[in-house]
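Engineer: Join the two chains into one complex using the hints; note that each chain is given alone, in its own frame.
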Amino acid sequence: MPKNHHPLTPHLTIYKWPLTAVLSITHRLTGVFLIAGVFVFFTVLVALASGEAVFLSVQHFLNQGPAQIVLAGFAFALSFHLVHGLRHLLWDLGLGFEFSKLRAYALWELLVISVLTGVALVLI
Amino acid sequence: MVEFTLPKNSKVKKGLTLKAPGDILKCQVIHIYRFEPEETQNPRLDRYEIDLDQCGAKVLDAIIKIKDELDPTLTFRRSCREGVCGSCAMNINGKNTLACMVPLSDYPEDITIYPLPHLKVIKDLVVDMVPFYQQYASIKPWLQQSDPGSQSDDNRDIDRDSQEQQQSIAERERLDGVYECVMCACCSASCPSYWWNGDRYLGPAVLLQAYRWLVDSRDDQKDQRLDALDDAFKLYRCHTIMNCTETCPKGLNPAKAIAEIKKMIAKR
Numbered sequence: 001m002p003k004n005h006h007p008l009t010p011h012l013t014i015y016k017w018p019l020t021a022v023l024s025i026t027h028r029l030t031g032v033f034l035i036a037g038v039f040v041f042f043t044v045l046v047a048l049a050s051g052e053a054v055f056l057s058v059q060h061f062l063n064q065g066p067a068q069i070v071l072a073g074f075a076f077a078l079s080f081h082l083v084h085g086l087r088h089l090l091w092d093l094g095l096g097f098e099f100s101k102l103r104a105y106a107l108w109e110l111l112v113i114s115v116l117t118g119v120a121l122v123l124i
Numbered sequence: 001m002v003e004f005t006l007p008k009n010s011k012v013k014k015g016l017t018l019k020a021p022g023d024i025l026k027c028q029v030i031h032i033y034r035f036e037p038e039e040t041q042n043p044r045l046d047r048y049e050i051d052l053d054q055c056g057a058k059v060l061d062a063i064i065k066i067k068d069e070l071d072p073t074l075t076f077r078r079s080c081r082e083g084v085c086g087s088c089a090m091n092i093n094g095k096n097t098l099a100c101m102v103p104l105s106d107y108p109e110d111i112t113i114y115p116l117p118h119l120k121v122i123k124d125l126v127v128d129m130v131p132f133y134q135q136y137a138s139i140k141p142w143l144q145q146s147d148p149g150s151q152s153d154d155n156r157d158i159d160r161d162s163q164e165q166q167q168s169i170a171e172r173e174r175l176d177g178v179y180e181c182v183m184c185a186c187c188s189a190s191c192p193s194y195w196w197n198g199d200r201y202l203g204p205a206v207l208l209q210a211y212r213w214l215v216d217s218r219d220d221q222k223d224q225r226l227d228a229l230d231d232a233f234k235l236y237r238c239h240t241i242m243n244c245t246e247t248c249p250k251g252l253n254p255a256k257a258i259a260e261i262k263k264m265i266a267k268r
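So the protein sequences, as listed, match chains A and B. Residues 1 to 124 (this note's numbering) are what the first sequence spells out, left to right. Residues 1 to 268 (this note's numbering) are what the second sequence spells out, left to right.
It should be emphasised that the hints constitute simulated quantities derived from the structure, not laboratory data. There is no bait here: all hints are sound.
Think about it this way: if two alpha-carbon atoms lie no more than 30 Å apart in a straight line, the pair counts; the simulated BS3-like pairs of lysine-lysine are:
1) B:Lys123 to A:Lys3
2) A:Lys3 to B:Lys11
3) A:Lys3 to B:Lys67
4) A:Lys16 to B:Lys8
5) B:Lys95 to A:Lys16
6) A:Lys16 to B:Lys250
7) A:Lys16 to B:Lys26
8) B:Lys11 to B:Lys123
9) B:Lys250 to B:Lys263
10) B:Lys67 to A:Lys16
11) B:Lys250 to B:Lys67
12) B:Lys26 to B:Lys95
13) B:Lys267 to B:Lys222
14) B:Lys65 to B:Lys14
15) B:Lys250 to B:Lys140
16) B:Lys26 to B:Lys13
17) A:Lys16 to B:Lys14
18) A:Lys3 to B:Lys8
19) A:Lys16 to B:Lys65
20) B:Lys13 to A:Lys16
21) B:Lys140 to B:Lys262
22) B:Lys123 to B:Lys250
23) B:Lys8 to B:Lys95
24) B:Lys263 to B:Lys222
25) B:Lys67 to B:Lys14
26) A:Lys3 to B:Lys120
27) A:Lys16 to B:Lys11
28) B:Lys267 to A:Lys101
29) B:Lys19 to B:Lys123
30) A:Lys3 to B:Lys14
31) B:Lys65 to B:Lys26
32) B:Lys95 to B:Lys19
33) A:Lys16 to B:Lys19
34) B:Lys262 to A:Lys16
35) B:Lys120 to A:Lys16
36) B:Lys250 to A:Lys101
All figures in this text were calculated on a predicted structure; none of them were measured in a lab.
Looking at chain B on its own, in the form it has when it is part of the complex (with noise of 0.2 Å):
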C-alpha cells in the first residue's frame, strides 16, 4: 500500500556526534542511520568525522573504521569486500549500492548511509531480508528437467544425472548479465513499485532470477515457470519506473530481463 510518511515509530532522529581522536587532518563527515532494538526510541542519525588521510579507499572502510575506533555497537553486514557477496548493499547519498564497491573520493560533501529502503530493521543498517529470501525461494531458483520416467521415448533424457549436459555457445551467451546477480536486493529495494507491494510484487532482483532459469537451455520447465509468473501482482507490478538499473552496482540490467518475461507470456 502507498504511504509516503514513515510510521510514528520509525521517523528518524537527531543522533550523537563522534570524532576521531586527534587532530584531523582531511576531514570525511558520515551519517549513519542507527537503531537499537533493545531500547523504545526511534531511530536516530548519527554524525561521525574521521580522516581521510587514516583510512582506506572505499565506504565500507571508513564505516569499518568507525566501528573499530568510534562506535563499536555500529551494526552493519559486510563479508567480501569486494562486490561478490551482496552483503554491505546499503543506501549511500540517495542510490543504493554496495558499499564496497564505491570509493570514498566519489563523495566530495558529507556522506549518509541509510539501511535500504522500506525493509524492517533489525538494527543500524542490518535489515530483514528473510522475506526477500522467501520470495527467491518461491521462483524455485535451481535448473528443473522433467521427470526422464515420463519421456521414455526422448533419448535425450537417459541417463541425464551422469551426463554432462552441454551447451552451444549462443544458448550459454543467454545467461550473461544475467547469472552474475549477487542478490544484494539492491535494485528490489530502489523500486517505488516494490515499496508499496512488496508482499506481492516479486520485485526486480527476484524477476531477474526467474528470467535467469527461463533462459537456461537446460532447464525445461520454462511453462510452469511462466504459468507462476502470469500474475496481476507477482510480475506486472513492474511499471518500468527504471530504478533498478539505475542503481545496481553490477551493472546488469533487471528492467531489461522483466520486460523479456512480459514478453515471453505475451508470446504464448
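If we strip away everything but chain A, and leave its shape as in the complex, we get (with noise of 0.2 Å):
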C-alpha cells in the first residue's frame, strides 16, 4: 500500500465556534432562504390577484401549520438579515471591531433581532 501523504488537519467538526461565527453562517443561510422566499412570495400574489376562488384557498393555505412554520422563518430570516445587514454596515465603516464588545455586541444583536421577529410574528 502507498504511503498516507499529508491528509487534512480537521476543521469544521473540532473547531469550536465563536458566537460571532455562528451569527455570520446564520446571516448567510438566512440570506439564502429570503431568497428563496421572494419567489415564494410572488408565486402568492400573483395566486391572489386571480381572483376570490384562488385568494381563500390561498388564504386557507397560509393559515395551515406547516405554512405558519415557514412563514415564522420568513419573519425570523428578514429580522435576522436585516439586523445583521446593519451590523455589516458598521464594519465596513471600520467601527464595532473591540475584541472585548464582539460578544456583548453579538448578545444585542439577538435581542433586536428577537423583538424583530416577535413583532412580525403578532402581525402576521
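Structural biologist: Laid out in C-alpha cells, this is it:
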C-alpha cells in the first residue's frame, strides 16, 4: 500500500465556534432562505390577484400549520438579515471591532432580532 | 472549495492510551492528534494520562513531558516558550492558540489537541506552512521606497540609506497592535473563508501584515500595495466572520485591519 501523504487536518468538526461565527453563517443561510422566499412571495401575490376563489384557497393554505412555520421562519430570516446586515455596514465603516465587546454586540443583535421577529409574528 | 467532511485518508481513528508510570495523584487526560508519514494508516487520536503535580504550568509543558516520558515519537514545533516565536500554534479544545501561552488550569476537563485546522499534516502536530509563507512573501513584507534617482527634486530622498528616517509619535502609534504579530497562523487557520479558499484568499495573518506596511509612514508604495490587494479573492473573501480576532493569542485584531484596507481601497 502507498504511504498516506499529507492528510488534511480536521477543521469544521473540531473548531469551537464563537458566537460571532454562528451569527455569520446564520446571516448567509437566512440570505439564501430569503431569496427562495421571494419566489414564494411572488407566487402567492400572483395567486391572490387571480380572483376570489384562488384568494380564499391561498388564505386557507397560509393558515395551515406548515405554512405558518414557513412564515415564522421568513419573519425570523428577515429580522436577522436586516439586523446583521446593518452590523455589516457598521463594520464596513471600521466600527465595532473591539474584541472585548464582540460577544456583547452579538447578544444585542440577538435581542433586537428576537423583538423584531416577535413583532412580525404578531402581525402575521 | 467548500468541503465539510475530511477526505478518506484524513479521517481520524481511535488511537492508543499511554499512562504516566507510578501513581497519578492529579490526573490530566490529554488527547493528541497523531500522524506518521512513513506508514499507510490514517491519523489517530492518542490518549495520554499525566500527573499535573509533576508537570509545568502550560499546555506546552504537558506536551514536552509526554514526549520526554511517554512517547518520544510525538512531534511538534516549539521554541521560545513565551509567545514570541509563534511556533507552537495548535488547536486546543477547539480554539487555535499558542500552547506555551495557555495554562493547563484553564482546562478543568480533558484536553484535546489537534494541529492547526485545514492544513496539510507533515507529522503529528507539524503542518505544512510553506503556502502560508509564500502568501506572506507575496505582499512584499519589507520597507519599500521609490528609487531616489527618479525623484530628483525631492530632497527627502537624498541619502536615504545613510540617514535616520524619523517618525512622529502619531505615525509610530499607527503600528501598535499591528507589528506585534508573530505569524503563528492561528488566525488564518481559524477562518472558514481561508479553509475553503486558502489557495487564493490571503487570510487574516497575511492581510494584517499587508496593513502593517500600508500604515508605515516610511513606506511610499501604498498605491502599488493597494493595487495588488484589490482582488475579489486576495482581500474580499473576508466576510467578517471574526474568528481571527476571537482566536489571536496576541490579542491583535486582524479583522479590523482588513476592514481598514477595504476602506483605503474604497476611498481611492
